[in-house]
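Just so you know, the protein sequences line up as chains A and B, in that order.
Quick note: the first sequence uses my numbering, first residue 77, plus one each step.
Quick note: the second sequence uses my numbering, first residue 189, plus one each step.
The hints are simulated quantities; they were obtained by calculation from the structure and are not laboratory data.
We treat Cβ as the ideally placed atom computed from N, Cα and C, and that holds for glycine.
Among these hints, one or two may not hold up.
The calculated BS3-like cross-link candidates involving lysine-lysine, where the alpha carbons are at most 25 Å apart (straight line), are [to be verified]:
no.	chain 1	residue 1	chain 2	residue 2
1	A	K134	A	K144
2	A	K144	B	K230
3	B	K266	B	K230
4	A	K133	A	K144
5	A	K147	A	K133
6	A	K133	A	K98
7	A	K98	B	K230
8	B	K230	A	K118
9	B	K266	A	K147
10	A	K134	A	K98
11	A	K134	A	K147
12	B	K245	B	K266
13	B	K266	A	K118
14	A	K147	A	K98
Every beta carbon over 12 Å from chain B, so not counted as near; a handful from chain A, in silico [stated by the list, open to error]:
no.	residue
15	Q82
16	K144
17	D160
18	G181
19	T183
Not everything, but these chain A residues come out facing chain B in the computed CB check (under 7 Å) [said to hold, decoys possible]:
no.	residue
20	R119
21	L122
22	A180
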Amino acid sequence: GENVEQHPSTLSVQEGDSAVIKCTYSDSASNYFPWYKQELGKRPQLIIDIRSNVGEKKDQRIAVTLNKTAKHFSLHITETQPEDSAVYFCAAGWWNDYKLSFGAGTTVTVRA
Amino acid sequence: EPEVTQTPSHQVTQMGQEVILRCVPISNHLYFYWYRQILGQKVEFLVSFYNNEISEKSEIFDDQFSVERPDGSNFTLKIRSTKLEDSAMYFCATQAGTVYNEQFFGPGTRLTVL
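This is chain B alone, in the form it adopts within the complex (with noise of 0.2 Å):
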């Protein structure tokens, strides 16, 4: 069964440095999101990417975050100056695009702002 991939797994970084996650979605789908964990806490929205554009974005996504589909395939989320409290595990989601399918889930990646 085909399954999202991120990498890496765990990413350790110093405040003020750029760290960029990256994500493999399942071929077909055209809807990806990413999501963050803060340890102990609930699953919160950062942003919904389709057709090359965001399509919505929280609060939490601010102008430190963005995203790019770089080569078609891969898709990216890229904090530029790192905060201790952007520490968290961050998923990335693909859907196939139509309405109510399923959001699949990547690994996620561990990020550790220190």
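For reference, chain A alone in the conformation it holds in the complex (with noise of 0.2 Å):
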């Protein structure tokens, strides 16, 4: 099955800095990239996805990167507010089964 690694565990940073979690997944088939922030004691939700015929997509202070090749993608949060300050987790699936594979999550906390 898939398997998807997440690094780092946990990051802090500067509030106004750059944020950047890095995920690499296993399975050449998956070709959905789906990223969840889960804040203390709230539901996964979604911030942004890719699909792998792209191989960036952006939305306002945060974008994601996909390299097929190298079986890795990433999620970059510019400018980090306080409110950025959550658990984010990356994900990969296929069309054809829509169950998804986490990664083991990152604790981004944002210092004011």
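Two chains, two separate frames, one set of hints: put the complex together.
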């Protein structure tokens, strides 16, 4: 099955700086890569996703890049704000099998 | 905005007891999932459900687990004889059905097995 590795496990950044989280996946058939944000005690919520037919996607301060050859994808958060503090999970899936395989999560702390 | 709801929010049970976790999907969604998250660990896939049958299940989803949509709306996860290691947060997720559509997660049920 799919195995998703996520690094780092914790990330502390100064407000206004950028945060980068990296994930690798094992199954070359995976073609859908969402990122979820989970605030303490709350449900995971999708913040951005990317499909295998594009290499980069951006939504305001959040961007995701995908390198299919290397089987890795990354989340970039620019101009971090205190409300960005949360646990971020990457995941991988593919069209014929909708289940998602999640990474272990990255706890992001934005210092004011 | 429609949301997935789950009940109860917290369930405490004795080892060996049966529990039923309930989920109300977003109304037009067709694909349903259960995931679990042991405290401090990653979210793990348990089972997917479509057209009133299981599409896929993980190794975690053994004979002690079952799912159903008893009334065509609620989506339930039953654990027949709970074990200590079943203690986790259980998330229901639903999806509209088109390829690549977002999976919407419910708020979770925290299951504590004593």
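Outcome of the hint check:
Our distance criterion of 25 Å between C-alpha atoms is met by A:K134 and A:K144, whose separation comes to about 18 Å. The hinted pair formed by A:K144 and B:K230 meets the criterion: a straight-line CA distance of about 23 Å does not exceed 25 Å. About 21 Å separates the Cα atoms of B:K266 and B:K230, which keeps this hinted pair within 25 Å; it holds. Straight-line distance between C-alpha atoms of A:K133 and A:K144 comes to about 14 Å, which keeps the hinted pair within the 25 Å bound.
Distance check on the hinted pair: A:K147 and A:K133 sit about 16 Å apart at the alpha-carbon level, within 25 Å; holds. Among the hinted pairs, A:K133 with A:K98 is consistent with the structure: their alpha-carbon atoms are about 15 Å apart, no more than 25 Å. The straight-line distance between the Cα atoms of A:K98 and B:K230 is roughly 15 Å, inside the 25 Å bound, and the hint therefore holds. Distance restraint check for B:K230 and A:K118: the Cα-Cα separation of roughly 15 Å lies within the 25 Å cut-off, and the hinted pair is therefore satisfied.
For the given pair, B:K266 sits about 36 Å from A:K147 by alpha-carbon distance, which is inconsistent with the 25 Å threshold. For the given pair, A:K134 sits about 16 Å from A:K98 by alpha-carbon distance, which is consistent with the 25 Å threshold. A hinted pair counts as satisfied when its Cα atoms are at most 25 Å apart, and A:K134 with A:K147 qualifies at roughly 19 Å. Our distance criterion of 25 Å between C-alpha atoms is met by B:K245 and B:K266, whose separation comes to about 14 Å.
Note on B:K266 and A:K118: the hinted pairing holds, with a Cα-Cα distance of about 23 Å set against a maximum of 25 Å. Restraint check for A:K147 and A:K98: satisfied, since their Cα atoms lie roughly 11 Å apart, inside the 25 Å limit. With a closest Cβ-Cβ approach of about 8 Å to chain B, A:Q82 is found to fall inside the 12 Å limit, against its non-interface label. Under the 12 Å C-beta cut-off, the non-interface status given to A:K144 relative to chain B holds; the minimum distance is some 16 Å.
Residue placement check: A:D160 keeps its beta carbon more than 12 Å from all beta carbons of chain B (closest about 19 Å). Non-interface call for A:G181 relative to chain B: violated, since the shortest CB-CB distance, roughly 6 Å, does not exceed 12 Å. For A:T183, the non-interface assignment is contradicted: its Cβ lies about 10 Å from the closest Cβ of chain B, within the 12 Å cut-off. At its closest, the beta carbon of A:R119 sits 4 Å from a beta carbon of chain B; the interface hint therefore holds under the 7 Å criterion.
The interface hint given for A:L122 holds, since its Cβ lies 5 Å from the closest Cβ of chain B, which is under the 7 Å cut-off. With 7 Å as the threshold, the beta carbon of A:A180 comes within range of chain B, its nearest partner Cβ sitting at about 4 Å, so the hint holds.
Against the hints set out earlier in the document, violations occur for numbers 9, 15, 18 and 19.
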